[in-house]
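Asks: Chain by chain, the residues run as shown.
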Amino acid sequence: MGALGNGTRGLAGGTDLVPLLRDGLVAADRLVDLRRVIPSGIDGTAIGAGTTLAELEADPQIPDALREACRLAASPQLRNMGTIGGNLLQATRCWYWRLNYPCRLHGGDVCHAREGQHREHAIFANDYCASAHPSDVAAALLALDATVETTRAAGPLAGLYRLPDDHDRNLVDLGADELITRIHYERPEQSVYLKAMDRKRWAFALVGVAAARYDDGVRLGLAGVAPIPWRLASLDDLEQATPLPGTAYKLELARALGRRAIAAVGG
Amino acid sequence: MSTTLPLGRVGERVKRVDGIPKTNGEFAYSSDLFAAGMLWGHTLRSPHSHARIVEIDLADALTSPGVHAVLTHEDVPGQKRYGLEFPDQPVLALDRVRYFGEPVALIAAEHPEQARRAAERIRVAYEPLEPLVDPERALEQEPLHDERWTHGHGYRDDPRPNVVRHLVIRHGDPDAEGAVSVSGVYELGIQDQAFLGPESGLAVPDGEGGVDIYVATQWLHVDRDQVAPCLGLPPERVRIHLAGVGGAFGGREDLSMQIHSALLALHTERPVKMVYNREESFVGHVHRHPARIWAEHRADADGRLVSVRMRILLDGGAYASSSTAVTSNAASFACGPYAVANALIESTCVYSNNPPCGAMRGFGAVQTCFASEAQMDKLADALGLDPVELRLRNALAPGDVLPTGQRIDGSLPVAEVIRRAAALPVPELEPLPREAIRLPGGAGNTTRGEGVRRGVGFAVGFKNIAYSEGFDDYCAARVRLREDGSAEVHCAAAEVGQGVTNVILQVARTELATDDVVLAPHTTASVDSSGSASASRMTWMAAGAVQLACRAALEERERTGGEVDVERIYRHVRTSPLDPETGQTTGERSHVAFACAAMRVVAEVDVELGLTRVVWIGTAQDVGAAVNPQAVEGQIEGGTAQGLGLALMEEIQTQGGLITNASFTDYLIPTALDMPPVESVLIEDPEPSAPYGVKGVGEPPTVVSTAAVVAALRDATGRELTRVPVRPDDIVGL
Ligand SMILES: Cc1cc2nc3c(=O)[nH]c(=O)nc-3n(C[C@H](O)[C@H](O)[C@H](O)COP(=O)(O)OP(=O)(O)OC[C@H]3O[C@@H](n4cnc5c(N)ncnc54)[C@H](O)[C@@H]3O)c2cc1C
Ligand code: SF4
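Going line by line, the protein sequences match chains W and S.
Numbering follows the numbering used here, with no gaps: position 214 of the first sequence is 386.
Numbering follows the numbering used here, with no gaps: position 594 of the second sequence is 587.
Only chain S is shown next, with the shape it has when bound in the complex:
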């Protein structure tokens, strides 16, 4: 799918290339893929969260109508395990299942219903084992994995069982005394990315032993590098092509059906399509880590932070995924965007038999922002200070040192986002009577104003941009300049709905000074890796790579005159690991750059029913430079909605590790009625080390909105509300 472009250069408001087709239904999502003669793949999954597999009997399934293949771990020709960072996850369960929904066997059949029927005929004898479901107890229970997969990667050596990573950041003298001290325990449930397009894709054998996989993913090349070894193939014989992505939010960083469909396709020598249904999607990807956080903040009488202590416990579920990085991020941003001379942050992630967790928008910073901002409000209260003033007094600024010892040398306008968000006028109280949908309880018509109180909340948050801790993070772009002056850009940066396609085109048009630019289909076959569409990095990295490649192409043409085709790799500044003992950066920096946001929320709560209405949200966000201001505002609204969802309703419920609400009937996400208007102010303070001064914008709104929404509910109700999601029973709370 090549894309021809509407006009637009860097900094202009441009319409999204994929906007109209997505709205009118013409956009082809990965679930729409079709190949002549294709079979349908299906996954048999574990009904247990923890069990030993005693026997698998395939006989009946193999003779089931329409079936072409039934595969188990024995049919995986290469490596039996894979993983985004540590290969701890079996392609198909070996002798044990560790989470509810873990893939056990695969079926390919003529019709999806035949594949499902055949799956029912596979007889798996399980011996159920006691599931590890309490992350605190998991630290003392039998290890879930025989090997310590994350051990020896430069992390602190923690001998306790089931530790994925344990990080301690010690900064200054954490015992330093302040005039006031506040503490609290906070908890966050498991949030799901809840993307609308379930996992799906198509694997097509190339007839020579290799395979082409068309799939909705966030990072084509890292998929390839995990798929190929399991298939026993060299990477170039596995080509991954981006198919239409229906949302990602971190949930497509790990593999889902990629290896499975390829195994079936190579086995049957037919194209194989797989599409998860909604229920399967809930077990088909990782979630946001649930967390328990204890925090203590000390400040002097003027409200300046003296010391912050925090203990963070994250439940990583059965496999590591990106948990080690989430552990570190949670710790890195535990103190919020404030200057703190002394801190002791302990962050631990454990394995358990709960749903596997990994990347989700905000990546660890959401959890600690919720705790840390609640603490800041408590502190303001204890000091009798205005919460905004307290935050201003402590705001981080360039030149300040983070608890990891990293000095902020780029842009980070914390005080400015605070001031600008605080200055946004709050809407006036709407007079009664009002329409039901303008009251807490919404369409349910539960109040005409009885019991309704109003509250205002404020929160500030920040997060890193791009990959950290020494990761070799790069992005490639290739530019073909034809003699007629037109250009074709190749870049594997996944369009996950965030608008990176427009960014690439805007940059190319700007650099090449022509509107005649097309973006070639995203594939591992024609260009090197772009890195992941995550960590708020893709705009920065793709802009950097496309800019480099365009400039190189122009130079080359200057020299040779004819058609040119050049590929360039862009790298951001190098980062270094954290010291395993002190949590201090071992070089100049462990993070590349930071972005912050402040948010003000007005909410109304019917305190008799515990029903809420978020009335208005105003935010100021540090965006570096907006490549496409319209897309930036879209990210801010969407990111805010996702944080609001966590604040008010989103939680994966489990019982013994089994997900009990794997549907959009039972796992509720905000509707348009639940989302208020969002007024956003873009603060453009260019990042010196970034192309055009850009920063990522996708995550800061999610980091801050959960905290800000709950702050408003606290203000309205006077309740502590230490756990999200906050539901009516927490407010009515007896």
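This is chain W alone, in the form it adopts within the complex:
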């Protein structure tokens, strides 16, 4: 594992990494197959990082929010290969970034999306990089109060992510040779994931809202609203949003979906 970093990359299902390698957005001299070293499978409220989304969506023990988030991600073929660890670490879908525009996330000094087309982009924390995090799974796990165990440490899922700045353009706080091994969640009384898309299935979230009810209240996790998976303490926090002209509708979506998600879990 010490070999990771230095031009060596870990490959799990490869569904995100391989296209990035092909498009020259990620460079690697060597790939290490993580499937042999990363635990996989479900054990109570612990999920091996190598568990595929297909396994998760089919397991009745998994809370509804996470099962639904997995079921609604990507397509069956991708879910058969894609792992939960890889999902949490998937790169942004911002197509300026995917087309290799020299934007801030690529180390440049402008965010092309802010000035240009940004319909799919963020309504929170979007002043530096306006990308919107695509992971449905991360939104669900935020609502489920998940913690992430790595080869070095364990901590809340929210701590895996960071907002980029001039000193560090990464959206993830993970060492080059650090691997996610397990994810633990808190079992809720009830949970749900609602995902607004441009078509009825097989599309990234415009906005996805996960809600999970615990004794002390409902927790909310959102996809598609900020450069990183976004946690809301309550719907009132939506008033803090800073939508761009083209993303103002997402605030409406988040409001309506938030209300409906909370109602659905009896909150």
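Treat the hints loosely; a few may be bogus.
Stretch-level coverage of chain W by chain S, calculated; a stretch enters the list once three of its residues show a Cβ under 8 Å from a Cβ in chain S [stated by the list, open to error]:
(1) 340 to 352
(2) 359 to 370
(3) 426 to 439
The following residues of chain W were derived to be distant from chain S, with all beta-carbon distances above 10 Å [what the hints assert, rightly or not]:
(4) N252
(5) E321
(6) R324
No lab work stands behind these hints, which were simulated from the structure alone.
All C-beta atoms, glycine included, are put in the ideal place defined by N, C-alpha and C.
Could you slot chain S with the ligands onto chain W? The hints should help.
Replies: Relative to chain W, chain S with the ligands alone:
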């Protein structure tokens, strides 16, 4: 690939010959082609939408492993430019690139990956130029082409820069006043054909300087006639053979890899295969023209149209392709299938550095139908009339005169399709709770009924069948009758998935009164041109040609007794150009015939989220006579889905002329969940001048469904929705 036939005569429901193999994976598509010793071709494309080429350095690429050839425009032995109608497009960029993805150089290598690696080693020095991306501004900017390629072809002389074609149709007194007037501005994004089989083919040198090209295309002979001059060869030394086509929808009318693969094959003296990947396919073919349309409709107090004015601006992108005909079609059908005494239609197509546009199912009529039907609903609203009633009052009928001065002398049952579609019972509101997939938002589980409103939309559209404006449009067929009574039919009509193979076989079986008929492989080597599998013409034209050839073969056998082999050419009635000043037909007709469709759509919209569900579609379509009713229904459903895609989600996004969503992850097309059941009524009113009375059926559903779906969304939301695709943000719209 000869095809032996399941039974079936004209008018019977028959199974598609290619249906089972396509379903179980046995069908060989053009991307499955293989030849021993073949090389792989690859295209180096421009990363700029507009740039001057300063220098191309091939040195590193030539020494790259596995490479057999690296070619640029200097290696094109014949004409350096080609084009479906005007030779304005370089085979390989000369000194300038005009669109994102324009081919610059070609590589042939042992392995496709080696070819791609070598392409990365070609160093092209570009001097980027400001791209022309706003079609309105393009009319004032520096011309993109040094020559005015489309000038002097009988079109109106328009001195403005970058005009591909400017057409004005003036009919009656456009200033005539009505009791009410409504106007609006409408816009359509760029739609892609999104066929599943990317461009691909195989070129095989014949060892004598000629070449055989196996390719998925829509018109073998017009490919040959463009390829041969660029290779510097006479047409008979270039043979084009149809390989399995994975969808076309207009996107395979222009050449893609045909000349390129042949150049590489002749250069290396090895077979060369080329297969585009999905991203490359998005830049490898033309798209549906995006449009901005201003319209004003005036009517009298009874709702009879008094005058229609429309200004249509189409963005043709970098090269002409079939834009001049699209410009004319958009104008021809601008008023919809309604009788209008006075009209002023202005249709303009410009060159720009946006993705090149050309033929796509519906061909100009889709754009104006969307605008015109929105206008009809506005008019109904202004008059307090039922939208269906308003349409009935204005419905065109045989004997009526079109704004081009052409009198309709064939079949056109507009009132009947309206009545029949309007009479289809709309499904009842489904009770709640429902499964998520039966609600707006689909699998996303976004509502249990909150925010959901229902709307019903109605639209009518029409379009021409076959080529227009004086084009010499014909189709050949050859029939060999053997002594044992069996027959072999040759016809180059491209099977693009529309089912023309069955049509040919059904006609031959009917005419020859035998089931023992096979269709020979489609090739330019054994039969004359069939014309294009486009413009809803192929069934009519192929049926006409095969019928003629069969009857001639029977007569010949009567005379000679032995085996006979005859070829016949079928032509539809002649058409004439439009007058360049008035837009009036200069003869009896500029279009051959017309087909219409009416469609009723029920949609549900979650108005808080802007998510939609098309619940049901009912349509009545004028089909002339159905050769194979099952295939007609298939065309109606597929065509409707493509129009629904444009209404709800399909749009090529660009930035500075660069395509930013060239993948099926980012360019969304409808899934099975997005498509409702389609109930179709076939109206059989035989076309008097057509064989068996047939009409084409592929385009009318696409023409009308975009308009009809958006009408239903308007009804549900009360919003104007003047631009397609309509997406959640347009409905939530703040
Ligand atoms: C077309 C398409 C549509 C999609 N739609 C959705 C969607 O709607 N919603 C959604 O949530 N997701 C979506 N995805 C993302 C998909 O779910 C992820 O690609 C997948 O889960 C990634 O898992 P993987 O195992 O294939 O990761 P890989 O591609 O193998 O790896 C991704 C990244 O994570 C790193 N990595 C993987 N595992 C570990 C680990 N255990 N520790 C440390 N690093 C690791 C890799 O080095 C790499 O950098 C879509 C993807 C595609 C291609
Ligand atoms: S949103 Fe982020 S990734 Fe996209 S252009 Fe801006 S900085 Fe780059």
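Asks: Work down the list of hints and note, for each, if the structure agrees.
Replies: Each hint, compared with the structure:
no.	hint	result
1	340 to 352	violated (count 0)
2	359 to 370	holds (count 7)
3	426 to 439	holds (count 4)
4	N252	holds, 17 Å
5	E321	holds, 30 Å
6	R324	holds, 33 Å
The structure fails hint 1 only (numbered hints given earlier).
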